[in-house]
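A.B. asks: Respectively, the protein sequence lines represent chains W and B. Start counting the first sequence at -16; every next residue gets the next number (my numbering). Start counting the second sequence at -16; every next residue gets the next number (my numbering).
Calculated from the structure, these hints are not laboratory results. Don't take every hint at face value.
All copies of an identical chain are treated as equivalent in the list; a pair is satisfied when it fits inside any one copy or across any two copies.
Derived DMTMM-like pairs (lysine to aspartate or glutamate); straight-line CA-CA distance at most 25 Å [unchecked claim]:
| no. | residue 1 | residue 2 |
| --- | --- | --- |
| 1 | Lys82 | Asp226 |
| 2 | Lys138 | Asp(-8) |
| 3 | Lys138 | Glu88 |
| 4 | Lys128 | Glu95 |
| 5 | Lys248 | Glu14 |
These numbers come from a predicted model, not from an experiment.
2 protein chains.
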Amino acid sequence: MEIIRTVEDMRAWRRAVSKVALVPTMGNLHEGHLALVAAAHQQADKVVVSIFVNRLQFGQGEDFDAYPRTFEADCEKLRAVSVDALFFPTEAELYPRVKQDFNVEPPHIQNELCGMFRPGHFRGVATVVCKLFNIVQPDAACFGKKDYQQLHIIKAMVEDLNLPVKVVPVDIGRAEDGLALSSRNGYLTAEERAAAPRLYRNLTVMRDSLLAGNNDYAALEAAARADLEQAGLSIMWKSARADTLEIAHAGEKHLIILAAARLGKPRLIDNIEVNR
Amino acid sequence: MEIIRTVEDMRAWRRAVSKVALVPTMGNLHEGHLALVAAAHQQADKVVVSIFVNRLQFGQGEDFDAYPRTFEADCEKLRAVSVDALFFPTEAELYPRVKQDFNVEPPHIQNELCGMFRPGHFRGVATVVCKLFNIVQPDAACFGKKDYQQLHIIKAMVEDLNLPVKVVPVDIGRAEDGLALSSRNGYLTAEERAAAPRLYRNLTVMRDSLLAGNNDYAALEAAARADLEQAGLSIMWKSARADTLEIAHAGEKHLIILAAARLGKPRLIDNIEVNR
Chain W
-16 MEIIRTVEDM RAWRRAVSKV ALVPTMGNLH EGHLALVAAA HQQADKVVVS IFVNRLQFGQ
44 GEDFDAYPRT FEADCEKLRA VSVDALFFPT EAELYPRVKQ DFNVEPPHIQ NELCGMFRPG
104 HFRGVATVVC KLFNIVQPDA ACFGKKDYQQ LHIIKAMVED LNLPVKVVPV DIGRAEDGLA
164 LSSRNGYLTA EERAAAPRLY RNLTVMRDSL LAGNNDYAAL EAAARADLEQ AGLSIMWKSA
224 RADTLEIAHA GEKHLIILAA ARLGKPRLID NIEVNR
Chain B
-16 MEIIRTVEDM RAWRRAVSKV ALVPTMGNLH EGHLALVAAA HQQADKVVVS IFVNRLQFGQ
44 GEDFDAYPRT FEADCEKLRA VSVDALFFPT EAELYPRVKQ DFNVEPPHIQ NELCGMFRPG
104 HFRGVATVVC KLFNIVQPDA ACFGKKDYQQ LHIIKAMVED LNLPVKVVPV DIGRAEDGLA
164 LSSRNGYLTA EERAAAPRLY RNLTVMRDSL LAGNNDYAAL EAAARADLEQ AGLSIMWKSA
224 RADTLEIAHA GEKHLIILAA ARLGKPRLID NIEVNR
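Isolated chain W (complex conformation) (with noise of 0.2 Å):
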């Protein structure tokens, strides 16, 4: 695995091989990851992953000097499932300025849902995102399904700015017990975690029961809340349109249920498509 830390290189080694698919991250990797860097290789015949923590996406309170950087064992990781290239630049590479001047604006939906609480977060995304598609010219990149905002973000910005670049969804990686890979997950402790997989568990009963034919929304929404209150969740949801993350109107056919959740020091999110 190249590990290559300036955008000229990066740009060199790019020219040089055909089709490539990309996996943004920022570092601090699990199986998450590794699950959308199987399914780049499905994409393309080389594999670059980024590894950036991007203080743009940071607000204020959100610690961004004390985001886990654990470089040595992200590369190991990244060796064993054969990716071909590491992009890996310094802050000065990627914000030369210091300051970035130009900004990728997304519309209003970057102030909703989890941006409600974190101001210019997914500015902060596009923005990166937009540079680093820019430098590494990819013609597939993978993003989780667990950040279904972020995805669907950076969708509706390769539609709208004509990125030539192929946005892949990668379906979320669980453990077994149902919760969702996450890096925060690492902040829980051991009675947390093992009350965690319970905001899965609720949205799948969520899911089958409107499958089943039950639009009683709100009701099945009250029934999970109480669930997880009991076990320390304090919960948010919404049920939008999968397409477009507005509001789902009765019998929506294509539903997205969003959920965070507080539970001690992280705020957990997962989501539950429901396809009727």
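Start from chain W and add chain B according to the hints.
C.D. replies: Okay, now just chain B, sitting in the frame of chain W:
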């Protein structure tokens, strides 16, 4: 010359050739544009011109509908200078959702100089140029120095978003009497047209005087203003650092003097570089 109307066809054409230089225009072509085409031929073996009257960059009170559309005459001119492909998309092709949701947001310079009078203009320019770059994927793109602020913003955008395109600045095309070529010149009456070259004449006087060691910029500006007002040109100036467009300090080595003059209906712009 191939005439290409869809993003998909443009991409297919692009894939079949190696090096491409792009000249983005809004049509209504004159000699200045053809000089851009000549510069493009120096950059790549294939030259693409785009014609798209971009609604996004028109402000309130700026007449998008009245902008001259001269497609047949434009095609004739482009064929005569051996353009390989003309990208001529409809509005529905570039803005399929009508509203452009994701915008490239330039920094504060977008609201200075010409931007003071045209809120949103440079956001619209940056966004459509970013889209055109993503669609045509040129190796190089040529822009005239006449729209110096636009050129500055595009150069900065390319650096800041890491767009894989070389921006090629092209000298201002001028009529024999010195007037900078512009589609706006068509709005001048015969009398105004006769007065218009004074703008450039005064710019050259200022430059030559500065090069000769005169440092009283304020006096130079006042003298030029008096001469221009006598001829009916109401003028705004800014002398700036050529690289950043920030305020020039005394003794600045690389200056640009930017001028905008109202003459009858149109607002003419011109500029001159001073390298000491």
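A.B. asks: All hints are to be evaluated individually against the structure, with a verdict given for each.
C.D. replies: How the hints compare with the structure:
Within a single copy, Lys82 and Asp226 get their C-alpha atoms only as close as 33 Å, which misses the 25 Å cut-off; across copies the closest is 17 Å, which meets it. Taking the shortest alpha-carbon separations for Lys138 and Asp(-8), only the inter-copy value of 21 Å comes in at or below 25 Å, while the best intra-copy value is 27 Å. In this homomeric assembly, Lys138 and Glu88 come within 25 Å of each other (Cα to Cα) both inside a single copy, at 14 Å, and across copies, at 19 Å. Taking the shortest alpha-carbon separations for Lys128 and Glu95, only the intra-copy value of 17 Å comes in at or below 25 Å, while the best inter-copy value is 42 Å.
Taking the shortest alpha-carbon separations for Lys248 and Glu14, only the intra-copy value of 22 Å comes in at or below 25 Å, while the best inter-copy value is 65 Å.
Figure legend: structure checked against the earlier numbered hints; every hint is met.
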